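There are 2 protein chains.
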Amino acid sequence: MRIDIRQTADFLLNNDGFLLLCHVSPDGDTVGSAAALARGLISIGKKVRIICGDKFTKEYDFMFEGLEMSDFEPEHIVAVDVAVPKLLGEEYCALYGDRVELCIDHHSTNDLYARKVCLEPDSASAAEVVYLILRQMNIKITPIIASCLYTGVSTDTGCFRFSNTTVRTFQIAAELAAAGADYYNINQAFFETKTKTYAALERLALEGMKFFFDDRCAVITVTRRMYEKTGSDETETAKLSNLPRQIEGVKVGVMMRELKDGGFKCSIRTHGDIDASNIAGRLSGGGHAGAAACTINADKEQATSMLLDSIRIELDADEI
Amino acid sequence: MRIDIRQTADFLLNNDGFLLLCHVSPDGDTVGSAAALARGLISIGKKVRIICGDKFTKEYDFMFEGLEMSDFEPEHIVAVDVAVPKLLGEEYCALYGDRVELCIDHHSTNDLYARKVCLEPDSASAAEVVYLILRQMNIKITPIIASCLYTGVSTDTGCFRFSNTTVRTFQIAAELAAAGADYYNINQAFFETKTKTYAALERLALEGMKFFFDDRCAVITVTRRMYEKTGSDETETAKLSNLPRQIEGVKVGVMMRELKDGGFKCSIRTHGDIDASNIAGRLSGGGHAGAAACTINADKEQATSMLLDSIRIELDADEI
Chain H
0 MRIDIRQTAD FLLNNDGFLL LCHVSPDGDT VGSAAALARG LISIGKKVRI
50 ICGDKFTKEY DFMFEGLEMS DFEPEHIVAV DVAVPKLLGE EYCALYGDRV
100 ELCIDHHSTN DLYARKVCLE PDSASAAEVV YLILRQMNIK ITPIIASCLY
150 TGVSTDTGCF RFSNTTVRTF QIAAELAAAG ADYYNINQAF FETKTKTYAA
200 LERLALEGMK FFFDDRCAVI TVTRRMYEKT GSDETETAKL SNLPRQIEGV
250 KVGVMMRELK DGGFKCSIRT HGDIDASNIA GRLSGGGHAG AAACTINADK
300 EQATSMLLDS IRIELDADEI
Chain C
0 MRIDIRQTAD FLLNNDGFLL LCHVSPDGDT VGSAAALARG LISIGKKVRI
50 ICGDKFTKEY DFMFEGLEMS DFEPEHIVAV DVAVPKLLGE EYCALYGDRV
100 ELCIDHHSTN DLYARKVCLE PDSASAAEVV YLILRQMNIK ITPIIASCLY
150 TGVSTDTGCF RFSNTTVRTF QIAAELAAAG ADYYNINQAF FETKTKTYAA
200 LERLALEGMK FFFDDRCAVI TVTRRMYEKT GSDETETAKL SNLPRQIEGV
250 KVGVMMRELK DGGFKCSIRT HGDIDASNIA GRLSGGGHAG AAACTINADK
300 EQATSMLLDS IRIELDADEI
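Residue numbers (numbering that gives the first Met the number 0), protein chains in the order written: chain H, 0 to 319; chain C, 0 to 319.
Derived by calculation from the structure, the hints in this document are not laboratory data.
If you're wondering where the values come from, they're calculated on a predicted model, not measured in any experiment.
A hint or two may mislead.
One-sided and incomplete, this derived list gives chain C residues near chain H with beta-carbon spacing under 7 Å [said to hold, decoys possible]:
hint, residue
1, Asn163
2, Ala176
3, Thr194
4, Ala198
5, Arg202
6, Leu203
Ideal Cβ positions, reconstructed from N, Cα and C, are used throughout, including at glycine.
Pulled out of the complex, with its shape left as it was, chain H reads as follows (with noise of 0.2 Å):
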């Protein structure tokens, strides 16, 4: 059932004993908009647990500073940025996938697996939708939360730079950094901070860049043997799926990353018309328009061409 913000806010008001679920390989918004949520239901006197099927990485350790997270059985099992079951990683889905009560998500691709279901898709964040329920519940928007929160809408619109951005995104980011978000340091660490190994990585990277269909698209593969040469590994690879398509004239840009057991994990990034969830969707993956992902199950050669052969298909489209 979909539940507007002001349900869910009663919801959450007149209940206790929340167990909130993030997505596997944790971003910005799914971290910020749990850790913005449990702050705010703490401050009312609320039980909050965050639980995650894969470790948060440390630049989201200031989320957690003085967080007390109560040891208690969980009433309630809450969603947050999580599209599909599938992404609450597999000992998470098995244990909770059929139970989850109340999902709030922003990805049109969320195929309304909980119960309630508070779904704004044309928001570029969970967390701007979080930041609504707050405001709903008349919960105080404190510095730390305003922090939290804008990690989760800067670094899912790529610090305001893609196609998501709305004018509610810079007004509702107006609003976060008047209530004391520390979106300087916030946007360094996000953006403007690359590790040794990453730049190491991010060179090798593109020096392999490949071009194809007049150059409208650009592939990168980032392969295990780059982490070994690097002292990189996957945890470092999201900031570079957006490097391809910023090439002047490239309407698809790929990063394709070798994955433990073999296959690929392909991020897809397009501009203007091009949907990206149509080519990944041909590959049993999904996301958004103007992002979206797949995991192929084939050797580099054989996961490229057909990658292609779904992206050709976007392209001849675009030409019609």
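Use these hints to put chain C onto chain H, whose structure you have.
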């Protein structure tokens, strides 16, 4: 004489025949501010013309579409985003340098050369100041005016990432977006697009990045040979200068760019308490605390050595 927003609005409302001057090496802020001001003044029937000592590059073309600037004998000279008369360029500095009646600016280094100075040093961009003036004049912020101003706001803050970004910057960005600023395409053009020649140059430059002083300093060097190899040229080097500082742990990032007639232009970017203008100052250059530049007439080895000597002094001072 310093004047405030209201006095500036009154001056513009009560006069006519404005010649707007931009600074040389025009950037998004000087051009966007001047174009927005011109459009606003023309919309209430004033005669306005914009001039600049350098040609505007093609990314600013959209600001002038359909803008009819009349031919008239200027009555009032207005400089926008011009901190000192020298920045008008040789010709216009000689012609107008001592005749500027109004200067609208945000540089704390403004030397108050104009008869009336509307200076807001806490403003991240001149565009923010122009926005406030237009609002004070009750001039309608049309979508194209909003786009011109948004270009100034976003380019002067590195898309909200630089330390000059304030709560008001976000608020004004939200208001400009609501007024119809084409923020998506502006962000794409200025922040998310690399020419293939630039991308190749960036790759080459990063390959040669060198670290000094326990990796607290990173230096990239762009040689004439690299332009030949990549088809790029010096107009594409501006973005490169920010890259060395992005590496985690780097406090001083430098781009050394080989000049046509020998020697090196050094762009210095710093973090934290390291003052870039001190580093440049010892080599007869100057700038702001976080960004400065100098020219060294020496071969690569000697220039690097001179630069590192100056950097060492700042890094040593930082450790005390």
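Tested hints:
no., hint, in the structure
1, Asn163, "violated (10 Å)"
2, Ala176, "holds (5 Å)"
3, Thr194, "holds (5 Å)"
4, Ala198, "holds (6 Å)"
5, Arg202, "holds (5 Å)"
6, Leu203, "violated (10 Å)"
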